[in-house]
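Q: Protein chains in written order, with this note's numbering: chain A, 1 to 385; chain B, 1 to 252; chain C, 1 to 338; chain D, 1 to 289.
Calculated directly from the structure, the hints in this document are not laboratory data. These figures come from a predicted structure and were not determined experimentally. A couple of the hints might just be wrong.
One-sided excerpt, in silico: chain A residues whose CB lies under 7 Å from chain D [as the list claims (entries may be wrong)]:
1) G202
2) P203
3) S263
4) G342
Dumping the calculated DSBU-like pairs for lysine-lysine here, alpha-carbon to alpha-carbon at most 35 Å [to be verified]:
5) A:K154 x A:K114
6) C:K18 x B:K171
7) C:K18 x A:K327
8) A:K197 x D:K128
Sample of chain D residues facing chain A (criterion: CB under 7 Å; computed from the structure) [what the hints assert, rightly or not]:
9) Y14
10) P116
11) G117
12) Q118
13) S139
14) T253
15) P260
16) A264
Where a beta carbon is used, it is the ideal one built from N, C-alpha and C, also for glycine.
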Amino acid sequence: MKKLMLCGVFALVAGQAFAAADTIKVGVVAEMSGTFADFGLQMTNGAKAYMKQHGDSVGGRKIELIIKDSTGPAPEVARRLAQELVVKDHVDFLAGFGLTPNAFAVAPIATEAKKPTIIMNAATSAITVKSPYIARVSFTLAQVTEPMAQWAYKSGLRKIYTVVADYGPGHDAEQTFKKAFTRLGGEVLGELRVPLKNPEFGPFVQRVKDSKPQAVFVFVPAGELAVGFMKAYEERGLAKAGIKLLSTGDVTDDAVIDALGDSALGVISTHQYSAAHPSPENTAFLAAYRQVDAKTRPNFMAVGGYDGMAAIYEVVRQLKGNVDGDKAMQLLKGMKLTSPRGPIQIDAATRDIVQNVYVREVKRVDGKLYNVEFESINAVKDPGK
Amino acid sequence: MNAVLETRSLCKAYGGLAVTQNLNLSLARGARHALIGPNGAGKTTLINQLTGVLRPSSGSVWLDGVDITQMAPHERVARGLSRTFQINTLFPQLTPLEAVTNVICERERARLGVLQRRFFRLSQRVDEIDEAYALLEKLNLAQDCQVETRALAYGKQRLLEMALALAARPKVLLLDEPAAGVPEGESDELFEVLGALSSDISILLIEHDMSLVFRFASRITVLVSGAELVTGTPAEIAHDPRVREVYLGKGH
Amino acid sequence: MNMMEIAVTKRHHLGALKARERWKPAEIVFWLALVAVYFVFPTSLVFASQILITGLFALSLDLILGYAGIITLGHAAFFGIGAYTVGLLARHGWHEPLSALAVAGMVAGLAGYLTSFIVLRGNDLTRLMSTLGIGLLLYEAANRATDITGGVDGMQGVEIGELFGLFRFDMYGKSAYLYVLGVAFLLSAFTRALMHSPYGLSMRSIRENRTRAQAIGIPAGARLTNIYTFAAVIAGVAGALLTQTTQFVGIDVLGFQRSADLLIMLIIGGTATLYGGFIGAAAFLLVQDQLSNLDPRYWLFWLGILLIAITLYLPGGLLGALGRVSAAVARKRRGEDA
Amino acid sequence: MLNLFGVLFDGLAYGTLLFLISVGLSITLGLMRFINLAHGVFAMTGGYLLVILMAHAGIGFVAALPIVFCVTALASLVLEHTLYRPVYKRTPLDQVLITVGIVFIAIASANFAFGPGQQPVQLPAALKGQLDAFGLELSRYRLFLMAVGAAITLALVFGLERTRMGAMIRASVDNRRTAQSMGIRVDRVFQITFAIGSGLAGLGGALGVNVLGLDPYFSLKYLVYFLLVVVVGGPGSVIGTLLAALLLGVADTAGKYYVPQLGAFVIYAAMIVLLLLFPHGLLGRRYAR
């Protein structure tokens, strides 16, 4: 066993010397297996879609993706993988990070190794503060929650109940919504926090129904919890009782909407991306994505992966191939891109993303359910900072 | 009455079923007392109450004039009450030497410092090991002292049962059918060991092998469905009509 | 037999006991190999530290499962308590690693002592579930107390000071690896001494036959509580080491997945062998890493096949198999000598 | 006062679902003393089978259920014959290792075949929405669940207590050797017991998709809930498992409705308390492992 490892190391070292010259390596740390396997799949598919569309070389340098599986919310695994990518594989960029704890754990590595790190999904506001070498192209929770409160008040709703998943991001969404909505004069009837490992939503939804609010604002992570909530929402007949359902895009996420079924029709949500977004960039993105993976429907995480690669390509182009940590960060600050979701910019001061947040309603469009955007709040900064 | 082990109106019942009925047994110092009775007379349940494995429904157990009814099994051993088991209850993967040394180290626990007990190597406990080896020699198990217990012959395992009980240097020794399963010829070796036991150990012997009982015991108590039928010398018991009746089944 | 012969035979059995306790060549090679890793794999020291930490954590489970015979699915509770203790200390200005390590061990030990009364009741199954329940309750508490523990996002602002004021835990993990190796060796040697002492012998006798152990004067209940507390201390130290070397505390330190993986690693390595934990952890994590590099999405499939193969063809785990091989070799060699 | 009935109804319905999924594990664990952590795999297989039957083969929801039961039962026989039989006599640790291996393979295969996302299941109209019964809005699907649960409990209790097969099962568990000496083919009995248990799990999994959702990680994610119900109820006792499932179902639901801020604490705390009070399970036989 020992001898095998030994010659493995020498081969690696030798190999690197040769390849370092002309390949730009992007180390992607993403959740490829475990409960959050679809996070990793979407992000890496999005990145591959960009490379399929724009070729795998820029400024004369070949771009190579090295995908590592962080197996789920496992900070020490993410940190170890990042360290190996930097020390062994000599990557020029770090990217990925579907979950916040993994991003936090890698921040010290990014700082020490001066490696530009692109966050493609993790949504807690404090991430970009953790290291001057972190830039985010996905979104922050507060950024998509505040517009929902503003729209709710504007559309005449005054009494709202909030239901959030009981964990860090859930608490942030609850407080952001409550602060924004009450500042405008609205009233939050009650706040419910639902356990993360929660197979049964019935009683919570029943409690909401019994307090008869005009609408209920919901934030739960995409996937199983969203499906569970929607089923209970429909089963308890809240729609029939006239209680509107407002949520962030996570609940009616493109990849999960089929599993929700017709119960999701009419749900109003705010998010930065919908597959039904009418723009040539989006159509091109969807076509490129289908070439990479025809089975799954791309969602906001795929766009995170796609725009992450766009930012990396732009940096490599401007630096003409020799990537240096500090120069790359200078370019990333203030960088403007036209993304499939619409115009986006990386804020020069906070290195966080500034983007349009759309208000959408779930409708059936030629046989499939989509979040159809009907209003846009432009250039929203992250209120969380 | 200098009874070293005594029960006072001991009762044990599982719901309606009375297994020990108002038993006042007393074991004199240095006695060779046998307890006999048909199967299901509650002999093993009695031993479990004496050793603390079972809590009696009422009544009390006294050792050397101290009430040990509520005491945990290991404390009773420390006070000198030791037992063997009817079915071999040994440590399969330990060797006889390790098992007996273990008992002696546990007995000397108070004398050893915490460090000696916890961190010094077992092989440094030379006195305990030698005492163990000597005891095994006495029970002619010396030549097998390094063999794993599970590999020992049944007869030898019966002797090891005895060795483990004796290693605790008991004042009172409860023998639960020591000859159980030992073929006729081989019980002499066992009898020899019993005979050689020093007189300051009081022994309560539970046994079916009447030849062993009448050769060994100086007093006999007959137990029938948990109650004491009669206690007396071997001669009295041999001629007592009630005993013959109970054993030969003509009785009530 | 005259005096001389008695002396000789008596010393013989003492020799056999001594032989069991002496440091075997395989053990020495094991620890030297770990030191060699520092020089041979300079770029993989972070991974090596994590394997060592998991091995130490598995050693603590071995004490409970291998030596005391208690099946537990919630051992991550103590690992997590150790990790969070160091994290909280660091957040409130206590940066010195060694003292924080000691505090973490004690806090975890206290938690072990308190929960041992719940855990030592009932049979194997109820014990499995009560340990699992305790683990899940702690996980929920950590998730709920977001302002203290940072909840699911993990604890931020964990700065660990230099070891002895000299060695910083940097990205390359050089000083971190030696620190972890030192602590792991000390605790392993400590446990090894414990297991070869009269106390260790009493633990083995409790596992072999608890009824008889009590009947020869061993306070089995107190002894099991004692070993459970000591195992909790080691688990707490392992958790603390992870926090100190990754300078971060994620809520997964308390997760059910960590306890479940640990149980699998120990079974793979072989229980009640002191080194089964380290071997099992190394094998499991190395194979998992290689497989996930080859196939990031479906490596679990190959790992599953490996587990089944080990169960069917390598009973007693790797060390069990190694034991049988070396015994066979020894028999063959003895066969040739006779 | 009204919502007390509502909570009770939800609790009982959720408890019934937990019972359906766990009773198979109670049988394998209690009657056969086999630690089958892969029990969730049969539930997951049942769920995915339902999805395939409904989506691709166009079979109705209710019609698909018996098919799911039979196919899962047969599939489990294959697994029992190949992987479980060699480990029956092995230590509990070996049983844990091999069953966890099976869980890992199932997760990866489901992920490969169906992708990591949630599986949509369209309920028939009759089982959707709510039914107004004496002022209470009762969900039709939960009523259906309770009906199926009651039917299966009766069938199991009747089967175990009254039929010859049930007697043979109980005999071969109480004393394997004596049962064999009486001419009962114990291996055959265990096979049938195992198949019934796994079939029920498949059925429970299929019925649970609408409430618990279905993704490749199902068998590991809900493993805790199966074990919890079986151990608290007392392995091997069908009534015990039902009692525990209903008790924990109501406790969890009431906890979520009345003291939502306690969230998941309720069900775990309830479990530990019940385990302390009944170390061998509510109705568990006092067999010491």
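Q: So, for every hint listed, does it hold in this structure?
A: Cross-check of the supplied hints:
1. G202: 5 Å, holds
2. P203: 4 Å, holds
3. S263: 9 Å, violated
4. G342: Interface hint status for G342 (chain A): violated (25 Å vs cutoff 7 Å).
5. A:K154 x A:K114: At roughly 45 Å apart (the allowed maximum being 35 Å), K114 (chain A) and K154 (chain A) break the hint.
6. C:K18 x B:K171: Status holds; Cα separation ~33 Å.
7. C:K18 x A:K327: 66 Å, violated
8. A:K197 x D:K128: 25 Å, holds
9. Y14: Hint holds; Y14 (chain D) Cβ to chain A Cβ min 5 Å, cut 7 Å.
10. P116: Holds, about 4 Å.
11. G117: The hint holds - G117 (chain D) has a Cβ within 7 Å of chain A, the shortest such distance being about 5 Å.
12. Q118: 4 Å, holds
13. S139: Result: holds, 5 Å to nearest chain A Cβ.
14. T253: Interface hint status for T253 (chain D): holds (5 Å vs cutoff 7 Å).
15. P260: 5 Å, holds
16. A264: 4 Å, holds
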